[in-house]
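Asker: Protein chains in written order, with this note's numbering: chain E, 1 to 784; chain Z, 1 to 147.
I should point out that these hints are in silico values taken from the structure, not numbers from a laboratory.
Remember, predicted model here, so these are calculated numbers, not experimental data.
Hints may be right or wrong, so weigh each one.
Footprint (simulated), chain Z over chain E, 3 or more residues, beta carbon under 8 Å [unchecked claim]: (1) 224-237; (2) 299-305; (3) 390-400; (4) 493-503; (5) 591-597.
SDA-like, lysine to any residue: derived pairs with alpha carbons at most 25 Å apart [to be verified]: (6) E:K111 with Z:E67; (7) E:K111 with Z:N19; (8) E:K762 with E:N374; (9) E:K219 with E:G614; (10) E:K113 with Z:S84.
We put the CB at the ideal spot given by N, CA and C, even for glycine.
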Amino acid sequence: MAEIELNERHEILSGEQQESESHKISRRKFLVTGSATGLTLGFALSAGARRAQALAGGIAGPPANTQVNSWLNITSGGAITLTIGSSEMGEGSYTGLAVILSEDLMVDFTKIKTVHGVPAIGAAKIGNTVVTAGSTVTWTNYWNLRNAASAAREMLVSAAMNIIGDQNRGNYTVANGVITYTPNGTEISYGLVANAAALLPVPANPPLIPDSEFRYIGKTQNRLDIPSKVNGTAIYGMDVRLPNTLYAVIQHAPAFGSVLSGSVPATPAGMTAVVPLQVLAGIGRGTEQTGMVNAVAVVGPTTWDAWQAALNLNVSWTTPANASQLNDAVFLSQAQSALTTNTPYSASGPNTAPTLYQVEGNAAAAASAIAGANKQFSAQYILPYVAHNPLENLCCTVNYVPGVSIDVYAPTQGASLIPPIAASLTGLSLNQINVHVTQLGGGLGRKYEADFVSQAIQVAVAVKQPVVVMWPREQFFMRDQYRPLSLVQVEAGLDSSGNILGWSATNVNASILGQRGIPLGAAGDSQSTEGTTTLPYTRGSISTQWISHPSPIPVGFWRSVGMSVNTFAVESAIDELASLAGQDPLQYRLNMCTDPRWTGVLNAVATLANYSAGPPSGHFFGMAAEKYANSYCALIADVSLTNATDYEGFPTLFTVNNVYVALDCYLAVNPGQINAQLAGGMVHGLNAALYGQQSFVNGVPQFQNFYNNRVIRIYEMPQVFTTVIPSPAQSNQSTLIGGVGELGVPCIAPAVANAYFRASGKRIRQLPFFPGVKMGGINNPKVP
Amino acid sequence: MATNYTLNVNGQNYNVTVNNPTMPLLWVIRDLINLTGTKYGCGIGICGACTVLVNGVAKQTCILPVENAVGTTITTIEGLSPTSTHPAQVAWVANQVPQCGYCQSGQLMTVAGALNAGLHGANIVPQIKNVCICGTYDRILQAVDTL
Numbered sequence: 001m002a003e004i005e006l007n008e009r010h011e012i013l014s015g016e017q018q019e020s021e022s023h024k025i026s027r028r029k030f031l032v033t034g035s036a037t038g039l040t041l042g043f044a045l046s047a048g049a050r051r052a053q054a055l056a057g058g059i060a061g062p063p064a065n066t067q068v069n070s071w072l073n074i075t076s077g078g079a080i081t082l083t084i085g086s087s088e089m090g091e092g093s094y095t096g097l098a099v100i101l102s103e104d105l106m107v108d109f110t111k112i113k114t115v116h117g118v119p120a121i122g123a124a125k126i127g128n129t130v131v132t133a134g135s136t137v138t139w140t141n142y143w144n145l146r147n148a149a150s151a152a153r154e155m156l157v158s159a160a161m162n163i164i165g166d167q168n169r170g171n172y173t174v175a176n177g178v179i180t181y182t183p184n185g186t187e188i189s190y191g192l193v194a195n196a197a198a199l200l201p202v203p204a205n206p207p208l209i210p211d212s213e214f215r216y217i218g219k220t221q222n223r224l225d226i227p228s229k230v231n232g233t234a235i236y237g238m239d240v241r242l243p244n245t246l247y248a249v250i251q252h253a254p255a256f257g258s259v260l261s262g263s264v265p266a267t268p269a270g271m272t273a274v275v276p277l278q279v280l281a282g283i284g285r286g287t288e289q290t291g292m293v294n295a296v297a298v299v300g301p302t303t304w305d306a307w308q309a310a311l312n313l314n315v316s317w318t319t320p321a322n323a324s325q326l327n328d329a330v331f332l333s334q335a336q337s338a339l340t341t342n343t344p345y346s347a348s349g350p351n352t353a354p355t356l357y358q359v360e361g362n363a364a365a366a367a368s369a370i371a372g373a374n375k376q377f378s379a380q381y382i383l384p385y386v387a388h389n390p391l392e393n394l395c396c397t398v399n400y401v402p403g404v405s406i407d408v409y410a411p412t413q414g415a416s417l418i419p420p421i422a423a424s425l426t427g428l429s430l431n432q433i434n435v436h437v438t439q440l441g442g443g444l445g446r447k448y449e450a451d452f453v454s455q456a457i458q459v460a461v462a463v464k465q466p467v468v469v470m471w472p473r474e475q476f477f478m479r480d481q482y483r484p485l486s487l488v489q490v491e492a493g494l495d496s497s498g499n500i501l502g503w504s505a506t507n508v509n510a511s512i513l514g515q516r517g518i519p520l521g522a523a524g525d526s527q528s529t530e531g532t533t534t535l536p537y538t539r540g541s542i543s544t545q546w547i548s549h550p551s552p553i554p555v556g557f558w559r560s561v562g563m564s565v566n567t568f569a570v571e572s573a574i575d576e577l578a579s580l581a582g583q584d585p586l587q588y589r590l591n592m593c594t595d596p597r598w599t600g601v602l603n604a605v606a607t608l609a610n611y612s613a614g615p616p617s618g619h620f621f622g623m624a625a626e627k628y629a630n631s632y633c634a635l636i637a638d639v640s641l642t643n644a645t646d647y648e649g650f651p652t653l654f655t656v657n658n659v660y661v662a663l664d665c666y667l668a669v670n671p672g673q674i675n676a677q678l679a680g681g682m683v684h685g686l687n688a689a690l691y692g693q694q695s696f697v698n699g700v701p702q703f704q705n706f707y708n709n710r711v712i713r714i715y716e717m718p719q720v721f722t723t724v725i726p727s728p729a730q731s732n733q734s735t736l737i738g739g740v741g742e743l744g745v746p747c748i749a750p751a752v753a754n755a756y757f758r759a760s761g762k763r764i765r766q767l768p769f770f771p772g773v774k775m776g777g778i779n780n781p782k783v784p
Numbered sequence: 001m002a003t004n005y006t007l008n009v010n011g012q013n014y015n016v017t018v019n020n021p022t023m024p025l026l027w028v029i030r031d032l033i034n035l036t037g038t039k040y041g042c043g044i045g046i047c048g049a050c051t052v053l054v055n056g057v058a059k060q061t062c063i064l065p066v067e068n069a070v071g072t073t074i075t076t077i078e079g080l081s082p083t084s085t086h087p088a089q090v091a092w093v094a095n096q097v098p099q100c101g102y103c104q105s106g107q108l109m110t111v112a113g114a115l116n117a118g119l120h121g122a123n124i125v126p127q128i129k130n131v132c133i134c135g136t137y138d139r140i141l142q143a144v145d146t147l
């Protein structure tokens, strides 16, 4: 079944790619193809997300619509397909896109099939920028989709008008994909005029329907992908089955920086091959440099056979030269010393870590204001390396036919990265390379990286047979590109009324963009500084700095990235200052905010939690707020102290009972999914806050499976209440629509720390709250 | 040493040849029988993504040797209902539970096992130890409440 669906996609796309088709590019950069496949409108969706822009060294904001990367196809049979370049990783975005498209197209959204395009590069017509990151899929595409839908609708109506012979548009209505000629009730379906519409000019300014006529936007809609996710038919990265499939398991060197020593081990009995795997150019991070052989794949008849053979394989790995430097204590002491011993950024200099970047304000002025204030505050917040660990491990299926074709089936957030890799490894030309994006069993930022895909292609090139390639869970924990270890120093000075006269925040961590070879300007790495910059609070004289950390442990984009690090520090510090000022933490924040959308979410979450009445007896509130991806979010955690042991028999300090979240994303497309994303993001943040850490001994990661990097089970799930600020009666394109997918993550850690402080008087400034707490098996609660 | 087994999965008998009788049932189901709805998550019996019913009882197949499953009746997510209308599936859709969906086969099989044992509503919850990284637990609780 999987193959059928994937092949269908391919046929849809290859149909558009025929050279014989005539193409017209309108002033609005829609591209029309006329053929027997009906009306196909090509347009640009900004899948080039903020993260991708950051990777390209650009600035935040919606990308320009310069390249066609998406297609709306209406066949003569009436089938409607939207082919796009972003991935579905569980956030419901494909359903949201169908909902948006359906309004101006005036069709039932459940009749729209949304599929992922086969990406190509350069001037190719399909799927140019294909990156899914930064909570961007819905909001960046909203207006482009609506304009495309309106253009298609008017072209279809024009074609119908030609058939009827009456060019008075006012005599036609459209509903559910049927055009009605009102003078005599003649009905013409979209399918009937789809081919003719393709020959018509694209209207320059097709009217959008008013928001008051929305049938779906703003109302909770069922997700289109859920039926396939309750009966086992959804296809993920290692679910593709092709004739003569082999299975491979990846085994890395145990330490970062270690490589294969000596020759490749002989192929064990019963196995097909042992394949040495290189770090390819542009893929290695930190210790992993281009050309290093840092892993082998064992290929066999089943995943299990290959895995057992890999575990028993006698491989020699080198000890990295700098192994003694790859230790937790070293990383932390490097961060501490970088605070005082660093080199200021120089436009001409090499800017070797530790380099100090002055991101906002003036350090001397802030220091002077703090020193001259009535009360001084200084605190350090420390966050560990944290792995991503979506439940689907890294995996990829490849079918390589030498000299003919390669098909890559990958659960990827970065499909556009794959064709060049496949081309360089196979020598095939781009039109022989097909990338099929499967369902993602969670991405969380890790599946943007192409390391696992590049390995799978190397294996396929070696065995020349279809192969399903998998990383065992232990490999995933041990070869992550972690959320960076971070030390954030906050200093502030208060006047006698508690007003902040001076504020200084300095974050020390490894550069995500720097590890990807992206030159950093004077403002440093946006992925490290987001969450410390453009804060809404009036703080007198401010200084925001970032210092690059020299650690070569690979770091990467972890759902909400710098926000989850810095929001913990900033919102903890603001709460500490409220306490120092003797003020209520909500009122303290409100007094320092002038942006009505910030105060709006703060007041909304307070109402939701009934803050003025206070929590139930024995419970304590803690709050935090953030602005991210053009959305505003505020969160209150309700925490009570416990002396009990948890269900695994480990002691606990507190229970998170309830979580209240308010979001302002300007326009809410699918409120039910916003609720799901806020709750789910909160859980991701809570897992990291309570238990998340990776630790290193001589470059070897110590936490290797869930048993010692615990995540919450259902018993630890707080009750979650969400509220979304109502959308405007009539939205406009001048206000940016906000993202949702990562917004639930950053606030939970500081909110819980703040609530715990209210409850206990103790301030937690280092994560995780419960380092080293373990998790047992389902039927064996005492797994070591 | 290659060993032949006959397994009854979703009402059908499958003859499989395994290289080692300790091979976990998960990999037999996925790689030899090609039913891919049952997932690998942790491999050590913690996450429950690999849960199926063995004689109606929820079991983690990533740590269940295939030899121990011979002679049993095995039900995977694909065999839960020919029309995807098992009460748990209906409740999952009604409550819009899945996000990425990867853990949900295992969640559903766990709940199906609890229903088989005569449990309902809140009494099912203690049986659910399956991990969901997306954090769909609140909706699972809502869905289970209706069962």
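Asker: Take the C-alpha atoms of K111 of chain E and N19 of chain Z, compute the straight-line distance between them, and say whether it is at most 25 Å.
Answerer: At roughly 47 Å apart (the allowed maximum being 25 Å), N19 of chain Z and K111 of chain E break the hint.
Asker: For the segment 493-503 of chain E, does the count of residues with a C-beta closer than 8 Å to a C-beta of chain Z reach 3?
Answerer: Answer violated; 0 residues pass the 8 Å Cβ test.
Asker: Could you grab the alpha-carbon distance between K219 of chain E and G614 of chain E and see if it respects the 25 Å cut-off?
Answerer: With Cα atoms ~32 Å apart, K219 of chain E and G614 of chain E exceed 25 Å; violated.
Asker: Hint check: K762 of chain E vs N374 of chain E, CA-CA at most 25 Å. Holds or violated?
Answerer: holds (24 Å)
Asker: K111 of chain E and E67 of chain Z: Cα distance at most 25 Å?
Answerer: Violated, at about 46 Å.
Asker: Given the proposed pairing of K113 of chain E with S84 of chain Z, does the C-alpha separation stay at or below 25 Å?
Answerer: holds (21 Å)
Asker: With a Cβ-Cβ cutoff of 8 Å, does the segment 390-400 of chain E contain at least three residues near chain Z?
Answerer: holds (count 4)
Asker: Within the assertion that chain Z covers the segment 591-597 of chain E, do at least three residues meet a Cβ-to-Cβ distance smaller than 8 Å?
Answerer: violated (count 0)
Asker: Okay, the segment 224-237 of chain E and chain Z, do three or more residues pass the C-beta test at under 8 Å?
Answerer: With 12 residues closer than 8 Å to chain Z, the segment 224-237 of chain E meets the three-residue bar; holds.
Asker: Three residues minimum, CB to CB under 8 Å: does the segment 299-305 of chain E make the cut for coverage by chain Z? Let me know.
Answerer: holds (count 5)
When held up to the earlier numbered hints, the structure conflicts with 4, 5, 6, 7 and 9 and fits the remainder.
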